[in-house]
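Start from chain V and add chains W and B according to the hints.
Protein chains in written order, with this note's numbering: chain V, 15 to 269; chain W, 15 to 269; chain B, 15 to 269.
Honestly, the hints are just simulated from the structure, not real lab data. Misleading hints may appear alongside valid ones.
If several chains are the same, the list does not tell them apart, and a pair holds so long as it fits within one copy or across any two.
When the alpha-carbon atoms are kept at most 30 Å apart in a straight line, the in silico DSS-like pairs for lysine-lysine are as follows [said to hold, decoys possible]:
#1 K196 - K90
#2 K98 - K164
#3 K26 - K71
#4 K90 - K224
#5 K204 - K98
#6 K71 - K164
#7 K260 - K26
#8 K215 - K90
#9 K26 - K164
#10 K165 - K186
#11 K165 - K196
#12 K204 - K158
#13 K169 - K71
Next come the chains, spelled out residue by residue.
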Amino acid sequence: MTFITLTTDLGKNNYNIASLKGAILSLAPESQLIDISNEINNFDIVEGTFMLANSYKFFPKGTIHVIAINSFYAQKVRILLLQKEEYYFIAPDNGILSLLFENIENDNIRYYEYGNANGDLYTVIAKMIAEISIGKKSPEIGIKADNITKKIYLKPVVSGNSIRATVIFIDKFGNAILNVTKDLFEQNSKDKNFKLIYSPKNSINNIYNKYSDIPYGDELCLFNSAGYLEIAVNMGNASEILGLEKGSVVQIIFE
Amino acid sequence: MTFITLTTDLGKNNYNIASLKGAILSLAPESQLIDISNEINNFDIVEGTFMLANSYKFFPKGTIHVIAINSFYAQKVRILLLQKEEYYFIAPDNGILSLLFENIENDNIRYYEYGNANGDLYTVIAKMIAEISIGKKSPEIGIKADNITKKIYLKPVVSGNSIRATVIFIDKFGNAILNVTKDLFEQNSKDKNFKLIYSPKNSINNIYNKYSDIPYGDELCLFNSAGYLEIAVNMGNASEILGLEKGSVVQIIFE
Amino acid sequence: MTFITLTTDLGKNNYNIASLKGAILSLAPESQLIDISNEINNFDIVEGTFMLANSYKFFPKGTIHVIAINSFYAQKVRILLLQKEEYYFIAPDNGILSLLFENIENDNIRYYEYGNANGDLYTVIAKMIAEISIGKKSPEIGIKADNITKKIYLKPVVSGNSIRATVIFIDKFGNAILNVTKDLFEQNSKDKNFKLIYSPKNSINNIYNKYSDIPYGDELCLFNSAGYLEIAVNMGNASEILGLEKGSVVQIIFE
Chain V
15 MTFITLTTDL
25 GKNNYNIASL
35 KGAILSLAPE
45 SQLIDISNEI
55 NNFDIVEGTF
65 MLANSYKFFP
75 KGTIHVIAIN
85 SFYAQKVRIL
95 LLQKEEYYFI
105 APDNGILSLL
115 FENIENDNIR
125 YYEYGNANGD
135 LYTVIAKMIA
145 EISIGKKSPE
155 IGIKADNITK
165 KIYLKPVVSG
175 NSIRATVIFI
185 DKFGNAILNV
195 TKDLFEQNSK
205 DKNFKLIYSP
215 KNSINNIYNK
225 YSDIPYGDEL
235 CLFNSAGYLE
245 IAVNMGNASE
255 ILGLEKGSVV
265 QIIFE
Chain W
15 MTFITLTTDL
25 GKNNYNIASL
35 KGAILSLAPE
45 SQLIDISNEI
55 NNFDIVEGTF
65 MLANSYKFFP
75 KGTIHVIAIN
85 SFYAQKVRIL
95 LLQKEEYYFI
105 APDNGILSLL
115 FENIENDNIR
125 YYEYGNANGD
135 LYTVIAKMIA
145 EISIGKKSPE
155 IGIKADNITK
165 KIYLKPVVSG
175 NSIRATVIFI
185 DKFGNAILNV
195 TKDLFEQNSK
205 DKNFKLIYSP
215 KNSINNIYNK
225 YSDIPYGDEL
235 CLFNSAGYLE
245 IAVNMGNASE
255 ILGLEKGSVV
265 QIIFE
Chain B
15 MTFITLTTDL
25 GKNNYNIASL
35 KGAILSLAPE
45 SQLIDISNEI
55 NNFDIVEGTF
65 MLANSYKFFP
75 KGTIHVIAIN
85 SFYAQKVRIL
95 LLQKEEYYFI
105 APDNGILSLL
115 FENIENDNIR
125 YYEYGNANGD
135 LYTVIAKMIA
145 EISIGKKSPE
155 IGIKADNITK
165 KIYLKPVVSG
175 NSIRATVIFI
185 DKFGNAILNV
195 TKDLFEQNSK
205 DKNFKLIYSP
215 KNSINNIYNK
225 YSDIPYGDEL
235 CLFNSAGYLE
245 IAVNMGNASE
255 ILGLEKGSVV
265 QIIFE
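Chain V with its partners taken away, still in its complex shape:
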């Protein structure tokens, strides 16, 4: 049994996702398919990367993680295969892999092209999966991919005693997740006090472990299960209550 996850912007009511699943099961019938999300914003490779980055490690080693976001961006598209940390990652060559891993210059990334004799998108992805399923190693699959597309992740700006951070995701509960990892925060905090300013007159200055560490309806910061700094309201919708949206900028000052 091979586990295959799907992270796509294809939508839940769309025959494309079904066609992709069918093509995979036709060539690799011993697969179990798990949707990470098919509801990524259209073309939003950053959101897709974020979703996968926070979940891929929970899957069994050997899992194949397929990302199909903005997959139709050029006449001929290279579908990349990267073997890393005992997982496989299959994604179009539009920068997703460079967002997922900072340093892949020296990895032996492989590719197949679709839009030519190799067939459609679904078949190309399915073909790669089938080759992995029968035990081929990554370097035996497809062609070596040089000069893959690189994108820069939206990074927080660190200057002196402050971090200028951005909300990168609002979840179903309205929690606002920032592009600040626990590591980055602690490197800059050095156990000093801090003030997270999310609007001209409002700030938060404590980090808790759980939503329930404060009274119902109060706001807090915490590091979420993926290690990112999150602004939340206990039993409430932080996005609505505090006026935070995807893209909102907040200032963290250590003093």
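Then chains W and B, alone, in the frame of chain V:
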């Protein structure tokens, strides 16, 4: 192969549900995961219970039903395991199990705690599933859970010749489902006529077997496949047409 | 392992779809279930047919495609079984099969009825699947179904040098898909130029292979992966930008 169902409020576009699935497959790879729903209203253990109560019996005996709704309500959360009717139920200790089954005082409910050395929510749930998968019986798993949290389901008020009922769910078709089971209805009806008053000037006084027993666009009552009294409009949206919402109160009078 | 796809209007937050899945796994535990969509518009057998028609061939031969759309339309409903092109199709007798395949008059279509001793909808479908799973051939299952319900697909009107076409689906990206196949288009085009008029003052007169063949924000026509003519905007939402909705009519003139 172990079947595992998931009923959560985590949302379809959220890495938490993927992380939970990955953790389960890592510790119990011979599992097949089936989503009952990941779109339960945030924190709404009543809706989650209703959804699971109406579907769990259709699954093969031995199925493990996981409920993860409002799972982060306290500093340390006990994850409960109940073996009942040849199924397994895993849920946080926030009242869900007491809503699902009226009498579990004498059941040997077990628990693991998360928020400490036992690891995160996903790992704790996955660990329980893995132990069940390798054949452990419920009493051999975790620690005996005394004093589990109890919640009272919103019950209809029966007085004299009437039942005061509440709409507990509106489905995708706009059907309004009441907190009245067929048993309760028949105990009070005793073959008398009835009038279900859903607005000051409007009532329904017949129960049919199928939507199609009446003309298109007409309203009716029926008992749905789960045995609950439902207000519907044949080929129409009862919620919109009749002005019924979750929480709306209707009066049933027998005469 | 038997692959079973589901195309339903039951909705993602509904115990009915879970009950159906549970019933199938109870009677045919060696199944893997794949959702094509549970978000088909209520009662919309045309949308459901379109979704399945464009994806069923990608699945492994032997896959059982279950369609449960508008399944409660009569007092007693016949659930049909059609074996065709090495696939199995299970659907209520409300015209879906006749939309999916133009000529099935001479096929040996079988049925079970629900709403009587055969049990509920879920059980009837699960029973058929179980019989297929243990190797029964279609003619050995159920009863021969004569006079199945037929529906006519909305066809484009071809007259002289023009085709009057209709938008049959808007996908998540806002692409508008017409009821015009590549075959029909080419039969009428005969390599002549064409003009696709989508509003009184606007038309498109070129077909491209990929969205990216034109500048960002420009409109184009192409044949999608399912072979249907599609109106799209490169990296944009054609439905919103061009004012196209499901049911909109466009004129294609060859000259």
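Now for the hints, and whether the structure bears them out:
{"no.": "1", "hint": "K196 - K90", "verdict": "between (40 Å within a copy, 21 Å between copies)"}
{"no.": "2", "hint": "K98 - K164", "verdict": "within (17 Å within a copy, 47 Å between copies)"}
{"no.": "3", "hint": "K26 - K71", "verdict": "both (24 Å within a copy, 19 Å between copies)"}
{"no.": "4", "hint": "K90 - K224", "verdict": "between (48 Å within a copy, 9 Å between copies)"}
{"no.": "5", "hint": "K204 - K98", "verdict": "neither (32 Å within a copy, 51 Å between copies)"}
{"no.": "6", "hint": "K71 - K164", "verdict": "within (22 Å within a copy, 36 Å between copies)"}
{"no.": "7", "hint": "K260 - K26", "verdict": "both (22 Å within a copy, 18 Å between copies)"}
{"no.": "8", "hint": "K215 - K90", "verdict": "neither (51 Å within a copy, 33 Å between copies)"}
{"no.": "9", "hint": "K26 - K164", "verdict": "both (29 Å within a copy, 28 Å between copies)"}
{"no.": "10", "hint": "K165 - K186", "verdict": "both (27 Å within a copy, 25 Å between copies)"}
{"no.": "11", "hint": "K165 - K196", "verdict": "within (23 Å within a copy, 37 Å between copies)"}
{"no.": "12", "hint": "K204 - K158", "verdict": "neither (44 Å within a copy, 42 Å between copies)"}
{"no.": "13", "hint": "K169 - K71", "verdict": "within (22 Å within a copy, 44 Å between copies)"}
Checked against the numbered hints given earlier, this structure breaks hints 5, 8 and 12; the rest are met.
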